[in-house]
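Chemist: With chain A's structure known, arrange chain B on it following the hints.
One letter stands for each residue in the lines below.
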Amino acid sequence: MARPIVIVGASLAGLRAAQALRGAGHEDEVVVVGAEERLPYTRPPLSKELLAGAQEPEHCALPSEKVDVEWRLGTRATGLDLERREVLLGDERLGYGKLLIATGARPRHWPGEPLDLDGVFMLRDLDDALALRAAFAERPRLAVVGAGFIGCEVAATARKLGLDVTLIDVAHQPMTALGPAVGERCAAMHRAHGVELRLGVGVDGFEGAGRLEAVRLADGTRVEADVAVVALGAIPNTEWLADSGLELQPGVVCDATLAARDAPDVFCAGDAAAWPHPMADGALIRIEHWTNAAEQGAAAARNLLAAPEERTPYAAVPYFWSDQYDVKIQSVGLPARAERVTVLEASPEGDRLVLGCERAGRLVAAIGFNAARRLAFYRGRLAAMPPFDELVAAVRADEKALGDPAVIAA
Amino acid sequence: MTKVHVDMNLCQSHGECAYVAPEIFELGDDDVLRWKEEVDPSLRDKAVEAADVCPMLAITVED
Chain A
1 MARPIVIVGA SLAGLRAAQA LRGAGHEDEV VVVGAEERLP YTRPPLSKEL
51 LAGAQEPEHC ALPSEKVDVE WRLGTRATGL DLERREVLLG DERLGYGKLL
101 IATGARPRHW PGEPLDLDGV FMLRDLDDAL ALRAAFAERP RLAVVGAGFI
151 GCEVAATARK LGLDVTLIDV AHQPMTALGP AVGERCAAMH RAHGVELRLG
201 VGVDGFEGAG RLEAVRLADG TRVEADVAVV ALGAIPNTEW LADSGLELQP
251 GVVCDATLAA RDAPDVFCAG DAAAWPHPMA DGALIRIEHW TNAAEQGAAA
301 ARNLLAAPEE RTPYAAVPYF WSDQYDVKIQ SVGLPARAER VTVLEASPEG
351 DRLVLGCERA GRLVAAIGFN AARRLAFYRG RLAAMPPFDE LVAAVRADEK
401 ALGDPAVIAA
Chain B
1 MTKVHVDMNL CQSHGECAYV APEIFELGDD DVLRWKEEVD PSLRDKAVEA
51 ADVCPMLAIT VED
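So the protein lines, in turn, are chains A and B.
1 is the number of the first residue of the first sequence in the numbering used here; add one for each residue after it.
1 is the number of the first residue of the second sequence in the numbering used here; add one for each residue after it.
Mixed in with the good hints there might be a few duds.
[As the list claims (entries may be wrong)] Chain A side only, calculated, beta carbon under 7 Å to chain B, not exhaustive:
| # | residue |
| --- | --- |
| 1 | Trp290 |
| 2 | Ala346 |
| 3 | Arg373 |
| 4 | Ala376 |
To be clear, the hints were calculated from the coordinates, so they are not data collected in a lab.
Built from N, CA and C at the ideal position, the CB exists for glycine as well.
Chain A on its own, in the form it takes in the complex:
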């Protein structure tokens, strides 16, 4: 009997891969292995609507019941034998004809002494979010350690619920991945909503006897808190591949078509994939956002079915967003590569704006604050990374740009 296509990872990328295999007419067996007990669900609401109590777990379910595959849930992959083409599931070996790795990422743990205090949380899966939501119902004083995407969204949700919130980061601005111009605006936004910001100061440790009492900062001060959320970014779930022979950085190193380098019939998608992107001059990038997981899952599956010469490079312009209070921050392109970030458009009230990210004189990303309809203008141009001055001229000439074109990027 022919060996199945095995997808390791039963979240968004894995599900979209399975759907793409069936959509492309693949009729043979497909097995999807997932560490969590649940069928695939969408994670963005976990730090927002679900945490706030406005949505329940069933609202987060992804439509997976119509996908005709074998689900092996609650099953963690522990190793990969490339030679025998087998995925190790503890003591079991699962043979594959072709393999698609979509094991995603998990939150980075607090690097200090292990924490066994009640009241300290991390946020990745639905159970984490439900536990944190239950803790929020006790009206705790909240300390958020790490002011990146998750930390900022949790802080915003907690403020909406009326909790006292302190947001802590060793960086001098929140959302540091998007640069200081965005970070300053985010800081002002959180302050305006009553968040206590402790920026530019590290965390030394967590205090309490059995239960959290305070977060101790590097400057000697203490932030008294009943609940802390540790939100220090994510690391890809690739340890199970450490002895496989696959090149890890720590994402699985792939070629432009999402095929693992030097391993035939192995593909990767989503947070765990590192692949060369033309907008990064061919450097490997790894993206931990919803749209990348969704699109890459499908793209990797189509390439998995295709003959090598018919595979398509995955070169989509990355998109991600963050919702904080009444502001939707959206990004297209690769803002992490920016050397300079400039406001290109702003509404007269200043509540809607677009920032352009520049590297070596070219546009590499655009970031919008409540400017959804303007982003298509940039997105269509981004793949070609136009010279920044040409881009500015095009914005000035666009009658639909926000605000007064005469003052754009003046």
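Modeler: Just chain B now, kept in the frame of chain A:
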């Protein structure tokens, strides 16, 4: 005709659909989504692509 439905209780105006299928979807100046509820079957794949990229899973397509 192919029917395109958007659950406006879910839509958060990401604009992904309008980007991949401008023939069907458009964000107005107010950032509120407008779309064609019935489209020619030749646009079905575009509509499905839009549904796939919608981060809110707000779009459904029916033949």
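Chemist: What hint numbers does the structure not satisfy?
Modeler: Checked against the structure, the only hint that fails is number 2, while the rest are satisfied.
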